[in-house]
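Now for the letters of each chain:
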Amino acid sequence: MLEALNNIVPLAICFTTPLLIIALGGLVSERSGVVNIGLEGILGFGAFTSAYVLNVVLNDFSFISLCIALVSGAIAGGFFSLIHAFASITMKANQVISGTALNILSPALAIYLSRIFAGSANIGIKQGFLKTNVPLLSKIPFLGVLFRDAYITSLLVLIIVIITWFILYRRPLGLRLRSCGENPHAADSAGINVNRMRYLGVFVSGTFAGLGGAIIITTYAGEFSINIYNGLGFLALAALIFGKWKPFGVLVAALFFGITKTSAEISTMNNLLKEMPQIIFTTFPYVATLIALVVFSKNSVSPKAAGEPFEAGKR
Amino acid sequence: MDSSKRIISAMIRYFLVPLLAVIFGFFICSIIMIISWQDPVKAFHALFEGAGLFGNIRRFGYTLLAMTPLILTGLSVALAFRTGLFNIGAAGQMLMGGFTAVLVGISFTNLPIIIHLPLAVISALVAGSLWAFIPGLLKARYRVHEVVSTIMMNWISMWSVYYFVPKLIKGGYETESLPIQETASLRTDFLTNLFEGTDVNLGIFISILSIIVVWWLLDKTTFGYELKATGFNKDSAKYAGMKVNRNIILSMMISGGLAGLAGATYYLGFTNKIIIGSLPSQGYDGISVALIGANHPVGILVSSFLLAIIQSGSDQMDAIANVPNEFVSIIVAVIILFAATNKTMKLWLDKFKKIIFRR
Amino acid sequence: MKYIIEMLDISKEFTGIVANDDITFQVKPGEIHALLGENGAGKSTLMSILFGLYKADKGTIKLNNNTVKIPNPKVASSLGIGMVHQHFKLVHNFTVTENIILGFENTRKFKIDTKTASESIKELSKKYKLEVDPNSYIEDISVGMQQRVEILKMLYRKADILIFDEPTAVLTPQEIQELLGIMKEMRKEGKTIIIITHKISEIYNLANRCTVIRKGKVISTFDVEKKSFEEISELIIGRKLNMELKREVVEKKPANFKIENLSVLDNRNLTAVNNLSLSAKPGEILGIAGVEGNGQSELIEAITGLRKVKSGHIYFNNNDIVNYSIRKRHEHGIGHIPQDRHKHGLVLDFTLENNLILATYYNKKFSKNGVLKRKEIKKHSEELINQFDIRAANGSNTICRSMSGGNQQKVIIAREIDQSPSLLIVAHPTRGLDIGAIEYIHGRLLEERKKGKTILLFSFELDEILKLSDRIAIMYNGKIVDTVVSSTTNENEIGLMMVGGIKNG
Numbered sequence: 001m002l003e004a005l006n007n008i009v010p011l012a013i014c015f016t017t018p019l020l021i022i023a024l025g026g027l028v029s030e031r032s033g034v035v036n037i038g039l040e041g042i043l044g045f046g047a048f049t050s051a052y053v054l055n056v057v058l059n060d061f062s063f064i065s066l067c068i069a070l071v072s073g074a075i076a077g078g079f080f081s082l083i084h085a086f087a088s089i090t091m092k093a094n095q096v097i098s099g100t101a102l103n104i105l106s107p108a109l110a111i112y113l114s115r116i117f118a119g120s121a122n123i124g125i126k127q128g129f130l131k132t133n134v135p136l137l138s139k140i141p142f143l144g145v146l147f148r149d150a151y152i153t154s155l156l157v158l159i160i161v162i163i164t165w166f167i168l169y170r171r172p173l174g175l176r177l178r179s180c181g182e183n184p185h186a187a188d189s190a191g192i193n194v195n196r197m198r199y200l201g202v203f204v205s206g207t208f209a210g211l212g213g214a215i216i217i218t219t220y221a222g223e224f225s226i227n228i229y230n231g232l233g234f235l236a237l238a239a240l241i242f243g244k245w246k247p248f249g250v251l252v253a254a255l256f257f258g259i260t261k262t263s264a265e266i267s268t269m270n271n272l273l274k275e276m277p278q279i280i281f282t283t284f285p286y287v288a289t290l291i292a293l294v295v296f297s298k299n300s301v302s303p304k305a306a307g308e309p310f311e312a313g314k315r
Numbered sequence: 001m002d003s004s005k006r007i008i009s010a011m012i013r014y015f016l017v018p019l020l021a022v023i024f025g026f027f028i029c030s031i032i033m034i035i036s037w038q039d040p041v042k043a044f045h046a047l048f049e050g051a052g053l054f055g056n057i058r059r060f061g062y063t064l065l066a067m068t069p070l071i072l073t074g075l076s077v078a079l080a081f082r083t084g085l086f087n088i089g090a091a092g093q094m095l096m097g098g099f100t101a102v103l104v105g106i107s108f109t110n111l112p113i114i115i116h117l118p119l120a121v122i123s124a125l126v127a128g129s130l131w132a133f134i135p136g137l138l139k140a141r142y143r144v145h146e147v148v149s150t151i152m153m154n155w156i157s158m159w160s161v162y163y164f165v166p167k168l169i170k171g172g173y174e175t176e177s178l179p180i181q182e183t184a185s186l187r188t189d190f191l192t193n194l195f196e197g198t199d200v201n202l203g204i205f206i207s208i209l210s211i212i213v214v215w216w217l218l219d220k221t222t223f224g225y226e227l228k229a230t231g232f233n234k235d236s237a238k239y240a241g242m243k244v245n246r247n248i249i250l251s252m253m254i255s256g257g258l259a260g261l262a263g264a265t266y267y268l269g270f271t272n273k274i275i276i277g278s279l280p281s282q283g284y285d286g287i288s289v290a291l292i293g294a295n296h297p298v299g300i301l302v303s304s305f306l307l308a309i310i311q312s313g314s315d316q317m318d319a320i321a322n323v324p325n326e327f328v329s330i331i332v333a334v335i336i337l338f339a340a341t342n343k344t345m346k347l348w349l350d351k352f353k354k355i356i357f358r359r
Numbered sequence: 001m002k003y004i005i006e007m008l009d010i011s012k013e014f015t016g017i018v019a020n021d022d023i024t025f026q027v028k029p030g031e032i033h034a035l036l037g038e039n040g041a042g043k044s045t046l047m048s049i050l051f052g053l054y055k056a057d058k059g060t061i062k063l064n065n066n067t068v069k070i071p072n073p074k075v076a077s078s079l080g081i082g083m084v085h086q087h088f089k090l091v092h093n094f095t096v097t098e099n100i101i102l103g104f105e106n107t108r109k110f111k112i113d114t115k116t117a118s119e120s121i122k123e124l125s126k127k128y129k130l131e132v133d134p135n136s137y138i139e140d141i142s143v144g145m146q147q148r149v150e151i152l153k154m155l156y157r158k159a160d161i162l163i164f165d166e167p168t169a170v171l172t173p174q175e176i177q178e179l180l181g182i183m184k185e186m187r188k189e190g191k192t193i194i195i196i197t198h199k200i201s202e203i204y205n206l207a208n209r210c211t212v213i214r215k216g217k218v219i220s221t222f223d224v225e226k227k228s229f230e231e232i233s234e235l236i237i238g239r240k241l242n243m244e245l246k247r248e249v250v251e252k253k254p255a256n257f258k259i260e261n262l263s264v265l266d267n268r269n270l271t272a273v274n275n276l277s278l279s280a281k282p283g284e285i286l287g288i289a290g291v292e293g294n295g296q297s298e299l300i301e302a303i304t305g306l307r308k309v310k311s312g313h314i315y316f317n318n319n320d321i322v323n324y325s326i327r328k329r330h331e332h333g334i335g336h337i338p339q340d341r342h343k344h345g346l347v348l349d350f351t352l353e354n355n356l357i358l359a360t361y362y363n364k365k366f367s368k369n370g371v372l373k374r375k376e377i378k379k380h381s382e383e384l385i386n387q388f389d390i391r392a393a394n395g396s397n398t399i400c401r402s403m404s405g406g407n408q409q410k411v412i413i414a415r416e417i418d419q420s421p422s423l424l425i426v427a428h429p430t431r432g433l434d435i436g437a438i439e440y441i442h443g444r445l446l447e448e449r450k451k452g453k454t455i456l457l458f459s460f461e462l463d464e465i466l467k468l469s470d471r472i473a474i475m476y477n478g479k480i481v482d483t484v485v486s487s488t489t490n491e492n493e494i495g496l497m498m499v500g501g502i503k504n505g
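Chains as they are written, first to last, in the working numbering: chain A, 1 to 315; chain B, 1 to 359; chain C, 1 to 505.
Rather than coming from a laboratory, the hints here were simulated on the basis of the structure.
These numbers were taken from a predicted model, which means no experiment stands behind them.
Wrong hints could be hidden among the right ones.
[To be verified] Coverage of chain C stretches by chain A, computed from C-beta distances (three or more under 8 Å per stretch; other residues unrestricted):
hint, stretch
1, 62 to 74
2, 89 to 99
3, 106 to 119
[Claimed, not checked] Taking CB as the label site, the calculated pair distances span:
hint, chain 1, residue 1, chain 2, residue 2, range
4, B, S107, A, Y169, 51 to 61 Å
5, B, D219, C, D482, 52 to 62 Å
6, A, N230, B, F164, 20 to 30 Å
7, A, T90, B, T192, 46 to 56 Å
[Unchecked claim] Heads up, simulated BS3-like pairs for lysine-lysine below, C-alpha to C-alpha not over 27 Å straight-line:
hint, chain 1, residue 1, chain 2, residue 2
8, A, K92, C, K343
9, A, K244, C, K111
10, C, K365, B, K220
11, B, K167, B, K273
12, C, K74, C, K62
13, C, K69, C, K158
14, A, K304, B, K343
15, C, K28, C, K127
16, C, K343, C, K328
17, A, K246, C, K115
18, C, K58, B, K351
19, C, K467, C, K450
20, B, K220, C, K368
21, A, K92, A, K244
22, C, K62, C, K184
23, B, K243, C, K310
24, A, K92, A, K304
25, B, K238, C, K343
The C-beta atom is built at its ideal place from N, Cα and C for all residues, glycine as well.
Same shape as in the complex, but just chain A:
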C-alpha cells in the first residue's frame, strides 16, 4: 500500500503541477469578475510558444534554456489572454463565448504558426527538466514523498500558489481585485478602476495558464501537439469549482484529480488490475470529477459578479 503510494504520488504531482497553476489562473480571473473558459486555448498557446522557443529559437535544452522557455510560455499566455480581456471587458462580449473563441483560435493558430515557422504541426522536445529530490523538504517524514523524484517546476508552482494567496488575501491589491469580482459597483465607488483590475486579472490568469502549458512542454510532454494537453484547461475549471475558488482549495482539488488520473494510468501496468475492464480506468478521472462536482456544487461560492460585464451606469 505504502509502496503503491510512493509510486503514484510523484507521477501524480507531475500531472497536478500544470493543472494547479492553470486552475489558479482561472481563480485570479474569476475573482476579478471575468469567467475564463478559454484556459484550454491559452495554455495551448503557452505550450506552443515555449516549445517553439526551445526547439527553433534556442535549439538548446540546457537548464537556462528551459527556464527561458517557461518565461516565454507565460508571457505568450498573458498576451494571448488579452484578446479575451479586450472582447469581454472593453467590448462587453459574453465571457463564455469569447473564451470559447480562444479555445477555437488557439490550436488553429498554434498549428498554423508551427507549420509556417517550424515546418511541421508537431515540435519535438529532446530534453526537459530532470527529476530531483527537493533538498530538505524531501526529508520530511511521510509528507516528504510529495517532494521526492519531482520536477523543480512543482516547487515553483507551490511557491506561486502561496504568493497568490498572500496577495489576494493580505495585500491591498488582492482586496481590490476581489471586490471587483464580488461587487464591482462597490469597487467603483471606492475609486477602483474596475476594468483595469479585470484586465489585470485576465492577464495574470493568462500568464499562469501559459506557464502551465510551458511546464507540460518542459517536463513530461516530449513534443508539442494538441494531444499533450487535450482537456486539461477544462479539468482546471472543474478543479476551480471543486476547490471553491480558494487557492488552497484548488491545490487540494488539483491533487485529487492528479491522483485519480495517475492511478488510472498505473492500473494498466498492474497485473491484478489488468484483468478488469479497461473502461473503468479510462473513464475513472471523468466519472470521479462528475461525482466530486455533484458533492460540491450545491453550495457553490463563486464570485458574485463573475460573468457580468461591468457597466457603470447600471445599478
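Since the structure of chain A is provided, determine the placement of chains B and C on it from the hints.
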C-alpha cells in the same frame, strides 16, 4: 415611417451584426495572411472554388455533405443556448448517437430498409438525448455547471466507444467497426448521382426538417414558451408555476437528441462505420455554427453553409495558395469574437443609424 | 464664501432620456440641503455627477469657488466628497473594516493593516454614535447597520460634504429618528450635508434649504421653513395631489384565508417563520408591517408555494393548500404580486405580450393542442395595455427590460388582477416608483378590495400600510406580535412593535 424604422432595427438585430462579423473575420484573416507572406485573394479564391461555389457540382456536393451534421449540431447548441444552457457536449452526444446507430445498423440483418433505416436513425436520436439527460439531471438536481459536466461526458463517451467497438462490432482493423448493413444507410443512388458520385445523402433532409421543427417548437408552442422562459429566468418560471427542473432536463435532452441525429447523418450517411479514438469535430463546430447564426434556426442554415464552405474548401486553399488548412479555424474564431461583441457593435450601429435618420 | 459647492448649467443625457437639463445647484457650507423630486426626476444622476460616477455632458462644478473636474469617485473622495448610495455599495463577504478601507488601505509589514484601521473605525463610531462591529461580515448585519458602515466609510475618508441618496427608504421609524439625529450632529461638526429624498415630512426640522427638481429641471430653491407641506408637494409633482384615497365601506364576511401555526425555514435552514397564525376576510386589506428580514419573504413564499413549509396549515376557502403546487394555487384563485419584480415577476427579455401570459399561456384561451394562439395573445395584451395604461415604446412587442419600473410593475399588476383572483398576495407594490404610479397602484388595490377580494399587503413603507389597510399585523422575529385596526393606531406605535417593543395599554 415607423414600421420601416422597426424593420431596419430588426434587420440590424438579426442580420447585419452577424454579416459584419463575417466581413470583419475575413478582413482580419487577410491581414494575418499578409503578415505571414501569403496572398489572401488567391487563398480565398481557392477556398470558394474548392467549396464548389463557382459551379463545380461535385465539390458543391462535398460542401452539402459537410453541412449536413453541422446544421444538426448547430441546432443542438443553439436550442440549448436559447433555453439558457451551454451544451459543449454535442460532440459526445453525436458520438453516442452515431455509435448506437451503427450498432443497430450492423446488428439487425434481413430487415427491410423502410424499417431498418428509421430504426437506426431513431436509436441515434434516443441515445443522444439519453447521453444529455445525465448533465441535464446534474444541472437541475445538483446545480453542476453543464459546461464542465458535458465536457466530462465527452471524454466518457470517447472512452466508452473506444472500449465497446472492438468488444462488440470489431471490423477489419483494431480501430474501427464493421460497416453497417446497406438497409441502414442514408445514401441513395439518386443523390449520389445527382452530385456526381459524392456522399450527399438523405441526412440533408433530416437536417432541414429539423430546422423547421426546432423553429416551430421554440416560436409557436407552449412547450417552447416554457423552455425559453426557464432559460431566461428560472425564478420567474418557477413563480409562474412551471416545472423548472423538468424543463432544464428536457432542454438538454432535445439538444442531445439533435446532436445524436447529427451522429446518424454522419455515421450512417458518410463513414458507414465508427472509428475509435477521437470525438467528432462537428460537435465542437456546432458551437461556432450556433454563435455565428445568432442561435436562430434560419441563421443556422446560413452559418452552417458558411462553415461547410470553409471546411470543404480548405484543402484546395492549402494546395493552391499554400495556406495551411488549419487557417480556416482562425477565420471561424475571429468571426465568433466579433459576433460575441454584438452588444457594443449594436450600440455603434444604433448611433450610426441615428446620424442617418436625423438627416 | 457664499457657496461651498456650485454645480452650474449641468446637463446629462442617457440614450434618449434627458436626465439633467441645464441644472444649477448651489449648497452653502455647513447646511443640510434637501434635494427633492419624484423618482426619475434626475436627483441621483446629479449627485452621481458630483461624486464622479457619471460625467456631465456639459456644465461646470465649483468647489469653494474653484472650478474642479471630478472624473471618478477617487477624486471626489480626495476633494472631501462622500456619498451614501440608495443601493449600498458594499461587498457582502468582506468585513466591515475591509469595506471601509477598500481603496484606501494602509499596510504594515507587507500586510493590510486592518488592526489600526478597525481601531480608528471604533473611535469614529463612538464619536458619531454609529454603533458597528468592525469585524463582522456585511452579509451578517442588518440593513440599518449596513447604512452605518456606509456613513463610516465617508467619515473614514475625511469627507466634509456628505451626500445621502434616499437614506430613509430602508429604515424603521426609530432608525430614521436616529439617523436624523446623527445628521444634525454632523452638521454641528461643520459638515455639509445633501440629502436626496421624496419624503417631505422628513426634511422639516432637519434641512435648512431645499431644491426641487422635476423632469430634469430645477423648479425652485428655497428655505424649507418658508413653504408648507402642500406647497412643496405641488412643486414636486407639478399638480395638486389628491391626498385622500377613498376607502369605501365593504360588507364584511367571515375570513376565507387562515394561517395556523405555520413554521418555515430560510435558505440557511434557520426558522424564519415561527409558529405564525393569522386570518383575513374578503373585502379586507390586511397589512403586514415589519422590518426587513423578520420572515416576511419566507411567509410570502410559503403562501404562494415558492417555498416548502416545515409545519402548520394554510387554509384558503376551507382547503389546506400547504401541499398544493404553485400552479394549483394559482388555479384556485391566488394572485401574487412578487416583492422582486425583476427576479420573479417578469421575464425581462420576453416581450410585453409574452409576459402577460406568463402563468396562463397553457389555458384554452391562449393555446390549442400545445400551439400558442398568437392572435389571441396579442389581443389580450392590447386590451390590458389600454385598461391599465401601460406605456411601452413598441406596444405588445416591447421587450420588458427596456420599460420603466412603474410600467413594469403595471404589467405584473395587470396580469395578476386580470385573473380576478379571490386572494391577492401583494409585496412591496410601489417600491422605487414615482408618486403618479404609486397613486395609480393604490387606487387599483382599493378597487380590488371593493370587489370583495382578500388582500394581503406586505410593505416596509409604513405610510403605505397605514393608508391602505383595514387591519395591520406586525411581524417581528417570524411571529405576528399584534394585529391592530389601522384607524386606531399610528406610525409610532407600529414602529415600536416592529422592533420588538410591546404595545402599551
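Hints, verified against the model:
Restraint check on the stretch 62 to 74 of chain C versus chain A: 3 residues with Cβ-Cβ distances below 8 Å, three needed, restraint holds. Given a C-beta distance limit of less than 8 Å, the hint that chain A covers the stretch 89 to 99 of chain C holds, as 8 residues qualify and 3 suffice. Counting residues of the stretch 106 to 119 of chain C whose CB lies closer than 8 Å to any CB of chain A gives 4, which reaches the minimum of 3, so the coverage claim holds. For S107 (chain B) and Y169 (chain A), the hinted distance range of 51 to 61 Å is satisfied, since their beta carbons lie about 59 Å from each other.
Remark: the range hint 52 to 62 Å for D219 (chain B) to D482 (chain C) is upheld by a beta-carbon distance near 53 Å. Between N230 (chain A) and F164 (chain B) the beta carbons are some 21 Å apart, a value that agrees with the proposed interval 20 to 30 Å. Between T90 (chain A) and T192 (chain B) the beta carbon distance is about 50 Å. The supplied range of 46 to 56 Å therefore holds. For the hint pairing K92 (chain A) with K343 (chain C), the CA-to-CA distance comes to about 23 Å; that is within 27 Å, so the pair holds.
Pair hint K244 (chain A) plus K111 (chain C) holds up; C-alpha atoms about 24 Å apart against a cutoff of 27 Å. At roughly 15 Å between alpha-carbon atoms, K365 (chain C) and K220 (chain B) fall within 27 Å of each other, so this suggested pair holds. For the hint pairing K167 (chain B) with K273 (chain B), the CA-to-CA distance comes to about 15 Å; that is within 27 Å, so the pair holds. Taken as a hint, the K74 (chain C) and K62 (chain C) pair is honoured in the structure, with Cα atoms around 17 Å apart against an allowance of 27 Å.
In summary, the hint linking K69 (chain C) to K158 (chain C) is supported, as the alpha carbons are separated by about 19 Å, within the 27 Å threshold. For the suggested pair K304 (chain A) and K343 (chain B), the alpha carbons sit about 22 Å apart, so the restraint of at most 27 Å is met. The straight-line distance between the Cα atoms of K28 (chain C) and K127 (chain C) is roughly 24 Å, inside the 27 Å bound, and the hint therefore holds. In summary, the hint linking K343 (chain C) to K328 (chain C) is supported, as the alpha carbons are separated by about 21 Å, within the 27 Å threshold.
Restraint check for K246 (chain A) and K115 (chain C): the C-alpha separation of about 24 Å stays at or below 27 Å, so the hint holds. The straight-line distance between the Cα atoms of K58 (chain C) and K351 (chain B) is roughly 20 Å, inside the 27 Å bound, and the hint therefore holds. This hinted pair checks out: K467 (chain C) and K450 (chain C) have alpha carbons roughly 15 Å apart, not beyond 27 Å. Distance hint between K220 (chain B) and K368 (chain C) is fulfilled; the C-alpha atoms sit about 11 Å from each other, no more than 27 Å.
Between the alpha carbons of K92 (chain A) and K244 (chain A) the distance comes to roughly 26 Å, so the proposed pair stays at or under 27 Å and holds. For the hint pairing K62 (chain C) with K184 (chain C), the CA-to-CA distance comes to about 25 Å; that is within 27 Å, so the pair holds. Between K243 (chain B) and K310 (chain C) the alpha-carbon distance is near 21 Å, which keeps this suggested pair within the 27 Å criterion. Restraint check: the Cα-Cα separation between K92 (chain A) and K304 (chain A) comes to about 17 Å, which is no more than 27 Å; the hinted pair holds.
In summary, the hint linking K238 (chain B) to K343 (chain C) is supported, as the alpha carbons are separated by about 11 Å, within the 27 Å threshold.
Hint check: no violations occur; every hint is consistent with the structure.
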